[in-house]
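Chains as they are written, first to last, in the numbering used here: chain A, 474 to 638; chain B, 26 to 187.
Since the hints were made in silico from the structure, they are not lab data. Each residue gets a CB set at the ideal place from its N, CA and C atoms; glycine is no exception. Any given hint could be a false lead.
Stated by the list, open to error - To list a few chain A residues with every Cβ distance to chain B over 10 Å, as calculated:
no., residue
1, S476
2, P554
3, K574
4, S575
5, S621
6, P624
To be verified - One side of the interface only, derived from the structure: several residues of chain B facing chain A at Cβ under 10 Å:
no., residue
7, A54
8, L57
9, L61
10, M73
11, S77
12, V79
13, S81
14, S176
15, Y181
16, I182
17, R186
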Amino acid sequence: MESIYFILAIIIVLALYAYSSIQGRDVVKGVEAGPIDKYDAELIRRRSFVASPLKICDENGNPLSTKGMIRVVVCGNCMKPKGISDNTQLLVERIEQAALKSKLKKDDIVMIHLNDKKIDKIRVFDHFDDHDQLITYRFDDMGKRVKSSHPHSQNSVVGVVRYKI
Amino acid sequence: MFPKKVLSLLTSSDNSLKMKVMNVLKALAWLLLLVLFTYTPIVAAMFMNNGSVVDSYFESQHLAISLFVNLGLLGMVLIDYFSVYPTIDWRVALILSIGVFATFVVYVHCGIIHDEKGYLYKYIINNRWLSPLFHCVLLTVIWYIKYRSLSKPGSYIIATRI
């Protein structure tokens with residue numbers, strides 16, 4: 474009888490593990506959307522949270538596949554002219570470095586990882602320079618375009634913002 | 026573990042179908058746990074060499090406590106349903122009624138077979154598999170209501186394309 478309970482316990486643990494794997498959790502990461510010289514790493518860290526996955530559909534009501542997408546929350550208002558304000562959640566499509574040039578279009582919003590500051594930020598992509606680096610810009614408080622102080626390497630790009638939720 | 030076709034549905038880009046398959050599997054996993062926990066005498070008989078699963082089934086399900094447990098399962102799954110939907114629609118009400126009916130059929134039929142040693146069953150109900158069949162109906166009802174609770178269409182969040 475004990476062995477039956479033991480086998481049952483193992484089955485239940487496995488079933489619970491399978492159920493939790495299906496259910497999953499979303500790590501919603503904070504991303505900087507403001508002047509990088511004024512960024513607050515502590516605020517970005519505090520904005521990040523773990524949440525249950527959302528059932529998301531597009532504007533026509535069709536359920537949306539979020540496979541390969543990252544859910545992030547914005548800290549800052551430098552994308553306000555693009556309709557993205559502070560605390561907005563976004564879905565970012567991960568893009569491999571090899572496919573970056575073919576997938577990235579002018580005025581796409583990109584998520585960039587800053588390795589030295591250990592944060593992520595979002596900027597609007599403008600074009601590739603002669604060294605195949607990304608030239609990006611943000612918006613200031615008046616809504617005017619401000620060019621990023623330096624270009625970004627392709628391997629620092631995490632993905633492209635596709636949806637606002 | 027799963028057939029290739031099911032796996033391809035799980036990784037399909039058609040998210041609507043994927044969500045449905047996921048909810049079907051989630052409800053099935055939940056039902057499996059429920060059955061394992063609730064019908065322990067039958068589960069135990071399955072693992073014992075000398076225990077007959079069918080006899081153990083009739084023996085356990087003719088008791089009033091089993092009727093209580095089966096109705097309790099329906100009540101539990103209904104609470105799940107009401108935590109998602111504010112009201113009950115006619116389809117779920119009908120299915121729920123079938124579930125309650127199946128519960129009493131299981132109780133009465135198992136009682137006839139177990140207590141009367143087949144006397145009544147021989148003349149009134151000539152099918153030994155009636156109660157297992159209705160028990161499957163009951164479990165299907167429980168699974169369906171759980172599936173409906175998991176797949177509420179109104180809980181989707183609208184994403185705006187950028």
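To see whether the hints hold, each was checked on the structure:
A/S476, annotated as away from the interface, has a beta carbon of chain B within 10 Å; the closest lies near 8 Å. Interface exclusion of A/P554 from chain B stands, the closest Cβ pair being 12 Å apart, more than 10 Å. Every CB of chain B lies more than 10 Å from the CB of A/K574, the least distance being 20 Å, so the non-interface label holds. With a least CB separation of 19 Å from chain B, A/S575 remains clear of the 10 Å interface cut-off, as annotated.
Under the 10 Å C-beta cut-off, the non-interface status given to A/S621 relative to chain B holds; the minimum distance is some 19 Å. For A/P624, the non-interface assignment is confirmed: its Cβ lies about 23 Å from the closest Cβ of chain B, beyond the 10 Å cut-off. For B/A54, the interface hint holds, since its Cβ comes within 10 Å of a Cβ in chain A; the closest pair sits about 5 Å apart. Interface restraint check: B/L57 against chain A, minimum CB-CB distance 6 Å, threshold 10 Å, status holds.
For B/L61, the shortest C-beta to C-beta distance to chain A is roughly 6 Å, which falls under 10 Å, so the interface hint holds. With 10 Å as the threshold, the beta carbon of B/M73 comes within range of chain A, its nearest partner Cβ sitting at about 8 Å, so the hint holds. Nearest Cβ of chain A to the Cβ of B/S77: about 16 Å, over the 10 Å cut. The hint is violated. The beta carbon of B/V79 is not positioned within 10 Å of any beta carbon in chain A (closest approach about 18 Å), and the interface hint is therefore violated.
The interface hint given for B/S81 is broken, as the beta carbon of that residue sits about 13 Å from the closest beta carbon of chain A, more than 10 Å. This hint holds: B/S176 has a C-beta 9 Å from the nearest C-beta of chain A, less than the 10 Å allowed. Annotation: B/Y181 was flagged as interfacial toward chain A, and the flag holds, the nearest CB pair being 4 Å apart, inside 10 Å. A hinted interface residue such as B/I182 counts as satisfied when its beta carbon comes closer than 10 Å to some beta carbon of chain A; here the least separation is about 5 Å, so the hint holds.
About 6 Å separates the beta-carbon of B/R186 from the nearest beta-carbon of chain A, less than 10 Å, and the hint is met.
Hint compliance for this structure: hints 1, 11, 12 and 13 are not met, and every other hint is.
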